[in-house]
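Undergrad: Chains S and Z, in that order, give the protein sequences. Residue numbering for the first sequence follows the numbering used here, starting at 1 and increasing by one per position. Residue numbering for the second sequence follows the numbering used here, starting at 1 and increasing by one per position.
Note that these hints are calculated values from the structure, not bench results. None of the values given here were measured: they were computed from a predicted structure. Among the hints, erroneous ones may be present.
[Unchecked claim] Partial chain Z-side listing against chain S, Cβ under 7 angstroms, derived:
hint : residue
1    : Asp10
2    : Ala30
3    : Ile31
4    : Phe33
5    : Met42
6    : Ser46
7    : Leu67
8    : Gly78
9    : Val79
10   : Met81
11   : Gly82
12   : Thr85
13   : Val89
14   : Ser93
15   : Val142
16   : Gln145
Yeah, the Cβ is synthetic: ideal placement off N, Cα and C, and Gly gets one too.
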Amino acid sequence: MKNSTRTVNRVTAPVKSVTQRFAYLLLILSAIGVLVIGRVDVASMEQVRMQIVDAVAPILDVIGRPVESFNVGVDRVQDIYTTFEANQKLRQERDQLLHWQALARKLEMENRALKGLLNFKTGPEPRFIAARVVADTGGAFAHSLILNAGERAGIRNGQAAVTGDGLIGRISGVGSRSSRLLLITDLNSRIPIVVESTRTRAVLAGTNAGRPRMIHLPTGAVVAIGDRVVTSGHGGVFPSGLPIGVVTLVMDGVIEVQPYVNRERIEYVRVLDYGLTGIIQSGPDQRTGSNAR
Amino acid sequence: MKPTVWHRMDVLSRQLTPFLLTIFLVLLSAIPFQVPGLARVMPLFSLIVIFHWGVYRAELLPAYAVLVIGFFQDALSGVPMGVHTVVYVLTYSIVLAQQRFFAGKSFYVVWLGFGLVSAGATLLIWGLVSALKGGVVDPRAVASQYALGIGFYPIIAYLFLRWQRAFLQQA
Numbered sequence: 001m002k003n004s005t006r007t008v009n010r011v012t013a014p015v016k017s018v019t020q021r022f023a024y025l026l027l028i029l030s031a032i033g034v035l036v037i038g039r040v041d042v043a044s045m046e047q048v049r050m051q052i053v054d055a056v057a058p059i060l061d062v063i064g065r066p067v068e069s070f071n072v073g074v075d076r077v078q079d080i081y082t083t084f085e086a087n088q089k090l091r092q093e094r095d096q097l098l099h100w101q102a103l104a105r106k107l108e109m110e111n112r113a114l115k116g117l118l119n120f121k122t123g124p125e126p127r128f129i130a131a132r133v134v135a136d137t138g139g140a141f142a143h144s145l146i147l148n149a150g151e152r153a154g155i156r157n158g159q160a161a162v163t164g165d166g167l168i169g170r171i172s173g174v175g176s177r178s179s180r181l182l183l184i185t186d187l188n189s190r191i192p193i194v195v196e197s198t199r200t201r202a203v204l205a206g207t208n209a210g211r212p213r214m215i216h217l218p219t220g221a222v223v224a225i226g227d228r229v230v231t232s233g234h235g236g237v238f239p240s241g242l243p244i245g246v247v248t249l250v251m252d253g254v255i256e257v258q259p260y261v262n263r264e265r266i267e268y269v270r271v272l273d274y275g276l277t278g279i280i281q282s283g284p285d286q287r288t289g290s291n292a293r
Numbered sequence: 001m002k003p004t005v006w007h008r009m010d011v012l013s014r015q016l017t018p019f020l021l022t023i024f025l026v027l028l029s030a031i032p033f034q035v036p037g038l039a040r041v042m043p044l045f046s047l048i049v050i051f052h053w054g055v056y057r058a059e060l061l062p063a064y065a066v067l068v069i070g071f072f073q074d075a076l077s078g079v080p081m082g083v084h085t086v087v088y089v090l091t092y093s094i095v096l097a098q099q100r101f102f103a104g105k106s107f108y109v110v111w112l113g114f115g116l117v118s119a120g121a122t123l124l125i126w127g128l129v130s131a132l133k134g135g136v137v138d139p140r141a142v143a144s145q146y147a148l149g150i151g152f153y154p155i156i157a158y159l160f161l162r163w164q165r166a167f168l169q170q171a
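Isolated chain S, as found in the complex:
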């Protein structure tokens, strides 16, 4: 009996190890297969990806809530300590803004009158879709957020996403109830921009670091530190004039832009939808958008 077991073992052990090795090889090959398919058939792989994200987005939403409540609590305590300074600062800002308001009203009237004279047609008004950020993913390798609104809410690929401060990125994947937002700092992000004061056109390219760079500037263009950068609207993907950031570094042909939006503090974003303006009036929708803090 003992002998026969030993013989069986002697035969099965190498077979077992060969099949195990074969299984490993198969696993490694299928992993490489995923890599290759992801490269060859981008569309269907993205669909699979968004289905997975769709499935876990509600879970992310739930497990992220306590973290959010905690942060809100911490902010409140901090606010108590800074109330006096904040109040002083806000009073100053209010005085400045009142001045700007008067100026803006005057310019608005003037603008309206001039547009009337020229019979100028304004561009379509956007509809806002408010979405909560449920995940901040990718670590050092990809800069993207996951939103808890998707196709059902009217989100489509390529739409621009903004916060109160300015442009944050564009939609790069849509599921039925979630979507992926590619930040302007991601290596794959390319946005047509214009320097506000000089109207110099360029492309803002993400570097996976905090500050994206300006590339493809026309020869002889002069850009200075402190220049404001906004979207140019070229290429027809983004509306023009969305604030992006300020130039903070001009050195040896490298021009870095510090975005207005602070990625870490984003809780809600507004996704701009220009496609449905014909059907939906802009008034009430803008009110919906303002819910997005």
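Based on these hints, arrange chain Z on the given structure of chain S.
TA: Positioned in the frame of chain S, the structure of chain Z alone reads:
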């Protein structure tokens, strides 16, 4: 009949725990904590888990589960699909090949081992993502992510060892 069903469920839940725990850690690392800079250097918890189970209890985390974890990490993180899948499966097979070396060694040796293995894995991810995205990914953020992973290793390993002692020895 009832006890056997319960027993089976018990065994199944014990076997599934490492896998489900890893998936949960992947999800947890994606939560926006709103701590400045953290999201950019969030360590790959799944790499820690794969290494840990590969060294101590490989039978609880089969290689195909590692493949699924890698695929899931890819889908969630937004890097080109397949990067983590390939790197995790390769890492796991290297860890398994070195299992005998790690057996009975002190915790510091295993920690050092993790440092080496995760350095290789991080470099490979960096190379693959840079090649597939067509641009060099900022190495500073990657280095910080790696360092943070090394720092987190003892905490996660300690929790898992406690869990192993509490639940697995009864099985």
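Undergrad: Checking hints one by one. Is Z:Ala30 an interface residue toward chain S, by the C-beta closer than 7 angstroms rule?
TA: With Cβ-Cβ at 4 angstroms, under 7 angstroms, it holds.
Undergrad: With chain S as the partner, please determine if Z:Val79 meets the hint condition of a C-beta pair closer than 7 angstroms.
TA: Given a least distance of 5 angstroms, the restraint on Z:Val79 holds.
Undergrad: Does Z:Gly82 hold up as a contact with chain S if the rule is Cβ-Cβ below 7 angstroms?
TA: With Cβ-Cβ at 3 angstroms, under 7 angstroms, it holds.
Undergrad: Take the shortest C-beta to C-beta distance between Z:Ser46 and chain S; is it under 7 angstroms?
TA: violated, 11 angstroms
Undergrad: Hold the hint about Z:Gln145 up to the distance rule: shortest CB distance to chain S must be less than 7 angstroms.
TA: holds, 5 angstroms
Undergrad: Quick check on the hint: Z:Asp10 CB to chain S CB, less than 7 angstroms?
TA: Where the cut-off is 7 angstroms and the nearest Cβ of chain S is about 24 angstroms from Z:Asp10, the hint is violated.
Undergrad: Can we keep the Z:Ile31 interface hint, with Cβ of chain S closer than 7 angstroms?
TA: With a minimum Cβ separation of about 5 angstroms from chain S (threshold 7 angstroms), the hint on Z:Ile31 holds.
Undergrad: May I ask you to test the interface hint for Z:Met81 with respect to chain S, counting a Cβ-Cβ separation under 7 angstroms as satisfied?
TA: Cβ of Z:Met81 sits 3 angstroms from chain S, so the hint holds.
Undergrad: Hint validation: Z:Met42 versus chain S, beta carbon distance must be below 7 angstroms. Holds or violated?
TA: holds, 5 angstroms
Undergrad: Regarding the hint that Z:Leu67 lies at the interface with chain S, is the smallest CB-CB distance below 7 angstroms?
TA: holds, 6 angstroms
Undergrad: Can the hint on Z:Phe33 be confirmed by a CB-to-CB distance to chain S that is less than 7 angstroms?
TA: At 6 angstroms from the nearest chain S Cβ, Z:Phe33 passes the 7 angstroms test, so the hint holds.
Undergrad: Given Z:Ser93 as an interface hint, is the shortest Cβ-Cβ distance to chain S below 7 angstroms?
TA: Constraint on Z:Ser93 satisfied, holds at 6 angstroms.
Checked against the numbered hints given earlier, this structure breaks hints 1 and 6; the rest are met.
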